[in-house]
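*Asks:* The lines below spell out each chain.
Number of protein chains: 2
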Amino acid sequence: MARPARLTKAEMVEKLEAVFKENGYEGASLKLLSDVTGLSKASLYHHFPKGKEEMAAHVLAHSGAHLQKLVLAPLSEKSAAGLQASFGGVARYYGGAVPICLMNSLLLGEGRALFGNQIGQAVAAWRKGIADCLLAEGANKPDAEAWAMDAIQRIQGALVLCRVTLSRDPLEASLSALKQDLTEWLETD
Amino acid sequence: MARPARLTKAEMVEKLEAVFKENGYEGASLKLLSDVTGLSKASLYHHFPKGKEEMAAHVLAHSGAHLQKLVLAPLSEKSAAGLQASFGGVARYYGGAVPICLMNSLLLGEGRALFGNQIGQAVAAWRKGIADCLLAEGANKPDAEAWAMDAIQRIQGALVLCRVTLSRDPLEASLSALKQDLTEWLETD
DNA sequence: GTCTATACACCGATAGAC
DNA sequence: GTCTATCGGTGTATAGAC
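Chains Z and P, in that order, give the protein sequences.
Residue 78 in this note's numbering sits at position 14 of the first sequence, and the numbers go up by one each step.
Residue 87 in this note's numbering sits at position 23 of the second sequence, and the numbers go up by one each step.
Any given hint could turn out to be false.
Pairs count within a copy or across copies, as identical chains cannot be separated in the list.
Said to hold, decoys possible - Restricting the straight-line Cα-Cα distance to at most 25 Å, the calculated cross-link-like pairs of lysine to any residue (SDA-like) are: (1) K192 <-> V162; (2) K133 <-> E90; (3) K192 <-> L230; (4) K116 <-> L94; (5) K114 <-> E90; (6) K205 <-> D233; (7) K142 <-> E118; (8) K95 <-> T247; (9) K205 <-> T229; (10) K73 <-> E141.
Worth flagging that the hints you see were computed from the coordinates, not collected in a lab.
All figures in this text were calculated on a predicted structure; none of them were measured in a lab.
Work the whole structure out from these sequences, hints included.
*Replies:* Put into structure tokens, the structure is as follows:
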């Protein structure tokens, strides 16, 4: 595989992702995107001919693949162990000193119109994955679905508080509590 | 009190608030703000001479006063009943078919630099108010603070899911669960 | 207090040289 | 594949008439 210039596409997308997460779709100006990659606006258009919307689409796809690998794949084991592993994956998926959820940032203004459906589907898949793990452990369907929704809700709430407090403590605390809750639920099963 | 033209300042601010909530600080263009109020850009500058930043500051102050009245004031009773009443206030504070948290929307990009500290203080006050209710009911300090953080986290997570699913069901479900949790906690106290 | 008209910077996007 | 230069449009903000 030949070395593609100075930055691989994946490296570009990762740098772009940070800008979209921190600024949202409309706040992510071509100037910011240009600065963070070290490429001129024209060079960005060479790589992403349809401009900002295509950049955001690549970022979302990259992030979605990351979510798939770290968070959703462990759930396919359909067991409590898989669910615990998935929570571990959440901690890695939402990395950094102040984790930010790309989906949350993109769900404002123009971004919501462009990517709202895609984001909704990702969340639905996540929810279903968690619920299926619980069903395999003997939960009934309403309980499993409610617990799954609650888990995602806690993680998303923790991510909001991470942005408020400029730390990743709420996320770590939330994941610990979720793992604990799951363990207790299994014992009383 | 004389009728101040066609819209009172409070009415203006409420209309502006919707734009900032749905679009964030950078996404809230003067065109959108002008359209939603029915005022020209120049008229907006008459009422808010420092422009968009002043509009957002007024919106945040108005929303903060609303939070104070509906959510924080009930907590000053420092009792479980006050806490239950506050949860009811949360449902009213986050009104509409798809509730959106202004603080979340403003914590992106330029908005975070302008209003991050103010938002952090509002959340801290909220957290303290909840914890004080629990302390008055006999909880120890770490438990009270953890429960308070968890409650706010759940509400914020629910609000994120409301935006994902375009409904207010997650918020209502979350508040029901919180009220239930509180009742159970009191029984085992 | 409202408006039209305008100033000027920045935005997303493109042309074309190297 | 990268850049400088530039386009048209939109962004925030102002001037000044009514």
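*Asks:* Now, for every hint given, state plainly whether the structure supports it.
*Replies:* How the hints compare with the structure:
When the C-alpha separation of K192 and V162 is checked against a cutoff of 25 Å, the pair qualifies only between copies, where the shortest distance is 23 Å, while the shortest distance within a copy is 27 Å. In this homomeric assembly, K133 and E90 never come within 25 Å of each other (Cα to Cα): the closest approach is 28 Å inside a single copy and 33 Å across copies. In this assembly of identical chains, the alpha carbons of K192 and L230 lie at most 25 Å apart only when taken from different copies (18 Å versus 31 Å within one copy). When the C-alpha separation of K116 and L94 is checked against a cutoff of 25 Å, the pair qualifies both within a copy, at 7 Å, and between copies, at 22 Å.
With identical chains, the CA atoms of K114 and E90 are at most 25 Å apart both within one copy (16 Å) and between copies (22 Å). When the C-alpha separation of K205 and D233 is checked against a cutoff of 25 Å, the pair qualifies only between copies, where the shortest distance is 18 Å, while the shortest distance within a copy is 32 Å. Within a single copy, K142 and E118 get their C-alpha atoms no closer than 35 Å, and across copies no closer than 52 Å, so neither meets the 25 Å cut-off. In the homo-oligomer, the alpha carbons of K95 and T247 never lie at most 25 Å apart, since the shortest distance is 48 Å inside one protomer and 52 Å across protomers.
For the identical chains of this complex, K205 and T229 are inter-copy neighbours only, at 20 Å across copies versus 36 Å inside a copy, given an alpha-carbon limit of 25 Å. Taking the shortest alpha-carbon separations for K73 and E141, neither the intra-copy value of 31 Å nor the inter-copy value of 57 Å comes in at or below 25 Å.
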